[in-house]
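Q: Let the sequences and hints guide you as you build the complete structure.
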Amino acid sequence: MFAFVLRRIGQSLFVMLVVAIIAFSMFRFVGDPVHNMVGQQTSMEDREKLREALGLNDPFYVQFYKFIKNAVKGDFGVSYRHGRPASEIIAERLPATLELSLVAVLFALCVGIPMGVYTGIKKDSILSKFFLTTSLIGVSMPVFLIGILMIWIFAVELHWLPPFGRGDVVELGKYWSTGFLTISGLKALILPAITLGLFQMTLIMRLVRSEMLEVLRTDYIKFARARGLKNSAIYFGHALKNTLLPVITITGLQIGTIIAFAIITETVFNWPGMGQLFIQAINNVDIPIMAAYLMLVSLIFVIINLIVDALYFWVDPRLKTGNVVARST
Amino acid sequence: MTEALLKVENLSIAFKSRHGELTAVDNISFEMAPGEILGVVGESGAGKSLTGSALTGLLEKPGFIKSGQILFENRRIDNLPYEQMRRLRGLKIGAIFQDPLTSLNPLYTVGFHLVETIMTHLPMNQAKAKDHAIRLLTEVGIPAPEKRFEQYPHQFSGGMRQRVVIALAICANPKLIIADEPTTALDVSVQAQILRLLKTMSKEHGAAIMLITHDMGVIAETADRVSVMYAGRIAEIGPVASVIKNPQHPYTQGLMAAIPIIGHQAERLAQIDGAMPRLNAIPTGCSFNPRCPKVFERCYHDRPDLMTAQDSLAACWLHDKTR
Amino acid sequence: MKRFFESDLFYSFRKSPVTILAFLVTILIIVTATFANIFAPHNPFDLASLDLMNGSMPPAWYPDGSKEFLLGTDNQGRDVLSAILYGTRISLLVGAASVLFSMVIGIFLGLLSGYLGGTVDNIIMRCAEVQLTFPAILVALLVDGIFRGILPRDAHDNLAIYVMVFSIGLSSWVQFARTVRSSTLVEKSKEYVQAARVIGRTPIFIMIRHILPNVMSPVLVIATINLGLAIITEATLSFLGVGLPPTEPSLGTLIRVGNEFLLSGEWWVSILPGVALAALVLSVNLLGDWLRDALNPKLR
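Protein chains in written order, with my numbering: chain A, 113 to 441; chain B, 91 to 413; chain C, 4 to 303.
Keep in mind the hints are simulated off the structure, nothing from the lab.
For glycine and all other residues, C-beta sits at the position ideal for the given N, C-alpha and C.
You may find that some hints are simply not true.
Claimed, not checked - Cross-link-like lysine to aspartate or glutamate pairs, in silico, EDC-like; alpha carbons within 16 Å at most: (1) K151(B) x D236(A); (2) K289(B) x D314(B); (3) K342(A) x E173(B).
Unchecked claim - Derived contacts from chain A toward chain C, CB cut-off under 10 Å, selection only: (4) F126; (5) M138; (6) T290; (7) L293; (8) S296; (9) L406.
Claimed, not checked - Calculated Cβ distances over 10 Å to all of chain A for the following chain C residues: (10) G121; (11) T136; (12) S192; (13) R204.
A: Next comes the structure, spelled out in structure tokens:
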């Protein structure tokens, strides 16, 4: 088990290293960093001085070492566009994205799991078939299209919910602004969260369903029936818990995807999160922001992957006592 | 015989398939007395496991009871609604399956399984159920039950797990236990222990056991009476001693001749030629007729029912008194 | 031809009405889009033919709609139906080209990795793993962003199509490479490949002549499934404003531009291209699913 954890951490470090190399290369080779920092009037001499001061004439590995050192401290330089530290701008946008992603994941789990259980138990009912067909269509729809349809139906035609923005936010301390504490903030969350979570919801539903069908065929479920347990205990106590392992994996991996897909949802709903910031950065070739976003998102991916592994050990007692089943990556 | 605990009357079990119905268990009848151990023996596909499933009300689709009835304590149970049958399962009718490795949910402790079953059927709170569970574990011969209570199935050996499964089956003192191949998946050395345990449990709790197996040796060691099944029907049923020593049906005779006897030198073991027919190809008349060494004209036309043959009942025209 | 109609493939096709429908819709979309200049009632790129008087007309089934513009017009008076047909053409083109591109990279790296093994295999597969950690759309966005930095600004719009194909292609080679690699490993150890080696065939000859034909069927399945994905990715990038420019609008661009009018009630300018996109992707996906089940049940 120890070796397993070590290998996992090693893999994570490797991913971070590769991402760091990419981020660093962006700084170094995409455009001229000096050119990006100074105005047109600066003389060649001054430019050369700045170049020397920035260490751009140092050998590659020295520059990369400095980059890593700064990155660990959260220093990615000053945004070309905003003229403020990139990490500071990202930090301002982080709460909006995290709150949106959190609600989206909760929505996906709270709706996806019960629907999966239902379609697994009542696999021949009309409602199950309806769920499965609509989910197939849902999977084929691009996220932004779902968002536009949502806006059109619930904001433009029905006027139930706001079409964009985050509503009123409350500042919690210095670093966190939340939309959870106002009515308009909560209302503004609904459409984007559903849009963002819909794909994962159908994924989780299909996963839980196929796992349920699988588990319900096992001997211990037959034996549980033979023991006269109530159906609720069989379905929710025994079957569901055994479907949770794959659900945890997928959900964990999907949280990464959700944060990436938040880019799209935030653009559709004009949501002031870091995904929207990232798109603007790409449009403006604002390398510090792009690099900082990339590193942050990778870090989140990697941490979530490690948490998923930890949850595995928590859910499955067989793993705690040695015989590690290698999980295919 | 005292008042029967279980009466199976003219039970037929069939499968719905694309090609119409296939009858897997065909018009069988038998009784079980309280506390009696009835062995059910036969090749795979003879219908013995299906009969067991029907008794617990756990026939899996597309199988269904086509006709006949099952009476348990003089009450019809084959047509009970799901919920009532569920209450009976585990409380009055326990079950033990073949593979103890897969009978327990790997994600729950042994104690959880026991407490859950006890609290489903008996009016006990958590603490009392736990005491009862530990008592049961002791009773089925598991050392250090308090410690074992907290452990997960994968921490138990196969034999120990089957003991847990037996403890689960006798939780609520059932009157009848269906044991479907309870020792097949175990090591030979462990088999005997488990059989002994089953026998003890039957005596101490006064539970009747229907012991389904393909191993005649297991029956000889454990059962009071034995029912030999062939192609969905009972070929012969009677007291173990007489069926083994003095088999009446040609199929049983073949089975007995195929068992090696220690101390006897035999050139080669006898065997029954051919194989059991498939469900969709059961011959008319007696289903054993293609393989029977004593077959005669009538066997090809009429299907024999059970008839008295010395101490047993056998479904064979050789024993037809009106002949 | 006769052989095809008697094959299992055609049989499973005939047995599935959903697949037949998906096939017909796909064919309809491909034909009308490819020959958009014939089927489209107007030329949406001919600025001279646009008339602001025709601007913001609703579809023909509305009382103030006109039969001339079946699906209405945008604020410039551009016919939505024609724009959809031309847009679909670009979407299909970029989708197909990027799948082809990722297929070529994937097959090349997969063959290399599987045939050579050792360090080369290790490097390629580690890269694949790292890339799989990230969603394809993020990779495509990043590649696109880097190109924006490298290319001069004014060249960007002209090269947008190539940048798109490159970004999307680069984001989805992993699946091809993995499949080809594992098939190569299997084929490599077979006797006929060993024999070819013994008689002194070069590795390149062996890979192309002997191994490649054997890995084509799973590759074809992945390509079909990825086509839907590539179309979605392109549409998404274009919608986000980092894809194709309005001068060369794909369906995604049309939806982005039309989206500005959604709040004022002119839903048809954005929703109808969206419907076209959804229909296209759904049909392609259904075809892909069918092909996967029919050709290669193991891939499930």
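Q: Against this structure, judge whether each hint is valid.
A: Tested hints:
1. Distance hint between K151(B) and D236(A) is fulfilled; the C-alpha atoms sit about 13 Å from each other, no more than 16 Å.
2. At most 16 Å may separate the alpha-carbon atoms for a hinted pair to count; K289(B) and D314(B) meet this at roughly 10 Å.
3. About 8 Å separates the Cα atoms of K342(A) and E173(B), which keeps this hinted pair within 16 Å; it holds.
4. For F126(A), the interface hint holds, since its Cβ comes within 10 Å of a Cβ in chain C; the closest pair sits about 7 Å apart.
5. Using the Cβ-Cβ criterion of 10 Å, the hint placing M138(A) at the interface with chain C is satisfied: the shortest such distance is roughly 6 Å.
6. The criterion of a C-beta within 10 Å of any C-beta in chain C is not met by T290(A), whose closest approach is roughly 26 Å, and the hint is violated.
7. Hint status for L293(A) relative to chain C: violated, with the closest Cβ pair at about 27 Å, above 10 Å.
8. Because the smallest distance between the Cβ of S296(A) and any Cβ of chain C comes to about 18 Å, over 10 Å, the interface hint for this residue is violated.
9. Annotation: L406(A) was flagged as interfacial toward chain C, and the flag holds, the nearest CB pair being 7 Å apart, inside 10 Å.
10. The Cβ of G121(C) lies farther than 10 Å from every Cβ of chain A, with a closest approach of about 19 Å, so its non-interface assignment holds.
11. For T136(C), the non-interface assignment is contradicted: its Cβ lies about 5 Å from the closest Cβ of chain A, within the 10 Å cut-off.
12. No beta-carbon of chain A comes within 10 Å of the beta-carbon of S192(C); the shortest separation is about 22 Å.
13. Non-interface call for R204(C) relative to chain A: holds, since the shortest CB-CB distance, roughly 35 Å, exceeds 10 Å.
The earlier numbered hints that this structure contradicts are 6, 7, 8, 11.
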